[in-house]
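Using the sequences provided together with the hints, build the complete structure.
There are 4 protein chains.
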Amino acid sequence: MFDIDIQSRIPIYEQIYNKVIELIIKGILVENAQLPSVRNLSKELNVNPNTVAKAYQELERSKIIYSLSGRGSFVSEIDREKMKERILEDFDICVRETLQFGLTKDELKNRIDGVSL
Amino acid sequence: MFDIDIQSRIPIYEQIYNKVIELIIKGILVENAQLPSVRNLSKELNVNPNTVAKAYQELERSKIIYSLSGRGSFVSEIDREKMKERILEDFDICVRETLQFGLTKDELKNRIDGVSL
Amino acid sequence: MFDIDIQSRIPIYEQIYNKVIELIIKGILVENAQLPSVRNLSKELNVNPNTVAKAYQELERSKIIYSLSGRGSFVSEIDREKMKERILEDFDICVRETLQFGLTKDELKNRIDGVSL
Amino acid sequence: MFDIDIQSRIPIYEQIYNKVIELIIKGILVENAQLPSVRNLSKELNVNPNTVAKAYQELERSKIIYSLSGRGSFVSEIDREKMKERILEDFDICVRETLQFGLTKDELKNRIDGVSL
DNA sequence: GTGGTCTAGACCACG
DNA sequence: GTGGTCTAGACCACG
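Protein chains in written order, with the working numbering: chain A, 1 to 117; chain B, 1 to 117; chain C, 1 to 117; chain D, 1 to 117.
Among the hints, a few may not be true.
Since the list can't tell identical chains apart, any single copy or any two copies may satisfy a pair.
Said to hold, decoys possible - Under the rule of at most 16 Å between Cα atoms (straight-line distance), these lysine to aspartate or glutamate pairs were calculated in the EDC-like manner: (1) K84 - E107; (2) K19 - E97; (3) K84 - E97; (4) K54 - E31; (5) K109 - E85; (6) K43 - D92; (7) K43 - D3; (8) K109 - D92; (9) K82 - E22; (10) K84 - D106; (11) K26 - E81; (12) K105 - D92; (13) K54 - E77; (14) K26 - E97; (15) K109 - E77; (16) K19 - E81; (17) K26 - D79; (18) K19 - D92; (19) K26 - E77; (20) K63 - E77; (21) K26 - E85; (22) K84 - E44.
By construction, these hints were calculated from the structure, which means they are not laboratory data.
Pasting the structure below:
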């Protein structure tokens with residue numbers, strides 16, 4: 001579930017950060033669901049607890065999760081519409097960069113049809 | 001032309017690297033055009049000459065530019081089709097990430113129509 | 001009455017501790033009034049009974065409440081003057097921090113006029 | 001300059017964080033001024049470099065400082081008016097809490113006169 | 001030299 | 001058991 005790539009140039013704590021967001025958006029982690037504890041996740045991923053803690057702290061600062069002292073970390077209230085918008089804005093950037101390179105919108109639309117998960 | 005963001009977390013040398021590619025694809029830098037010298041570009045961007053040199057070295061390693069000793073750096077022969085394909089592969093990644101979040105291809109196509117440069 | 005914020009970084013037992021003092025000073029809890037039992041308050045606040053017990057213990061150590069074994073916890077004799085002084089000392093700290101930042105006493109006085117409960 | 005209290009219950013990194021803000025507001029650290037390096041400050045304060053780094057990272061996340069890779073950390077552009085407003089809002093909270101305890105605005109104003117730095 | 005990341009491991013408050 | 005803080009120390013990319 002939390003497959004991370006230790007070789008990647010993306011820091012591990014950032015991969016965990018992104019993974020949690022992904023799991024929330026996919027609906028795998030729902031509102032108020034408890035995240036794995038820092039210790040458990042660090043064991044599962046075979047990374048240092050501090051690394052997981054850093055990811056969780058950043059998620060908390062971003063209001064994506066909250067922690068109850070002594071109890072654990074939980075998924076915050078989610079505004080799915082807002083999240084969707086944020087994702088689409090990221091997509092806009094992708095598209096814009098591509099258009100700048102001289103590609104047409106039709107080329108992009110055709111390309112989308114060829115993409116599979 | 002080479003507007004880079006010194007505060008960005010993307011390394012400066014990488015920004016320069018990407019910028020050169022962008023300028024080539026946009027047709028601003030054409031085949032065999034001479035790039036600014038390391039010294040001049042470093043002054044213009046107010047960055048360390050080593051940083052520019054590193055970008056140029058990587059561009060050369062990627063066969064995107066070539067250098068003639070004592071004369072400067074030049075744009076290599078360009079295979080526009082190959083470049084286009086590389087850009088579209090980047091775009092695929094963008095799309096895939098978005099689909100994973102539950103958005104539909106139609107939503108993406110509509111979104112493209114709303115993007116302006 | 002005992003509205004506490006479970007997500008706050010201020011420990012829950014400390015919030016309860018402060019709340020009791022606040023209720024006493026506001027005159028809502030009067031001398032010899034009985035506090036809610038640990039069990040009841042913990043249910044009402046949906047927190048661990050140990051947490052409420054800790055708050056009560058500290059309140060007792062501070063002589064703010066007293067407990068009669070088997071009967072419950074009660075508000076101690078109140079020296080309103082002493083309490084007022086303690087609050088004003090806290091206020092001094094607030095003011096001092098603000099002055100250190102270069103604000104004038106007149107600015108603070110004007111600001112007070114704008115504050116409403 | 002960076003006197004911190006290792007005994008305090010306020011985390012060291014948070015004390016450093018607050019101290020930097022204080023120095024900025026007092027005008028001791030001006031726009032684009034370079035902060036002491038993580039290593040130097042950690043030696044001066046006799047704390048672990050990681051602790052200083054954590055403070056700096058939070059300051060950067062809050063846009064109060066920025067770091068140039070390989071060069072150091074610097075004070076961001078400052079909107080003094082906005083900062084002043086933020087401080088006054090904190091003061092409001094202080095005042096409100098005091099008023100809730102039944103003190104009058106006149107009492108607070110008199111109290112301010114007695115405060116010295 | 002600079003900050004960024006990570007490990008290993010400790011201790012603590014809270015509940 | 002849970003997260004939060006901190007130390008000691010390593011390695012890395014960037015410039």
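Cross-check of the supplied hints:
| no. | hint | result |
| --- | --- | --- |
| 1 | K84 - E107 | between (24 Å within a copy, 11 Å between copies) |
| 2 | K19 - E97 | between (24 Å within a copy, 11 Å between copies) |
| 3 | K84 - E97 | between (20 Å within a copy, 12 Å between copies) |
| 4 | K54 - E31 | neither (21 Å within a copy, 29 Å between copies) |
| 5 | K109 - E85 | between (19 Å within a copy, 15 Å between copies) |
| 6 | K43 - D92 | neither (37 Å within a copy, 33 Å between copies) |
| 7 | K43 - D3 | within (13 Å within a copy, 38 Å between copies) |
| 8 | K109 - D92 | both (13 Å within a copy, 11 Å between copies) |
| 9 | K82 - E22 | within (14 Å within a copy, 32 Å between copies) |
| 10 | K84 - D106 | between (23 Å within a copy, 14 Å between copies) |
| 11 | K26 - E81 | within (13 Å within a copy, 35 Å between copies) |
| 12 | K105 - D92 | both (12 Å within a copy, 14 Å between copies) |
| 13 | K54 - E77 | neither (21 Å within a copy, 28 Å between copies) |
| 14 | K26 - E97 | between (26 Å within a copy, 11 Å between copies) |
| 15 | K109 - E77 | neither (34 Å within a copy, 29 Å between copies) |
| 16 | K19 - E81 | neither (19 Å within a copy, 34 Å between copies) |
| 17 | K26 - D79 | within (13 Å within a copy, 39 Å between copies) |
| 18 | K19 - D92 | neither (21 Å within a copy, 19 Å between copies) |
| 19 | K26 - E77 | within (15 Å within a copy, 34 Å between copies) |
| 20 | K63 - E77 | within (9 Å within a copy, 26 Å between copies) |
| 21 | K26 - E85 | within (15 Å within a copy, 29 Å between copies) |
| 22 | K84 - E44 | neither (30 Å within a copy, 37 Å between copies) |
In summary, the structure is inconsistent with hints 4, 6, 13, 15, 16, 18 and 22 from the numbered list given earlier, while agreeing with the others.
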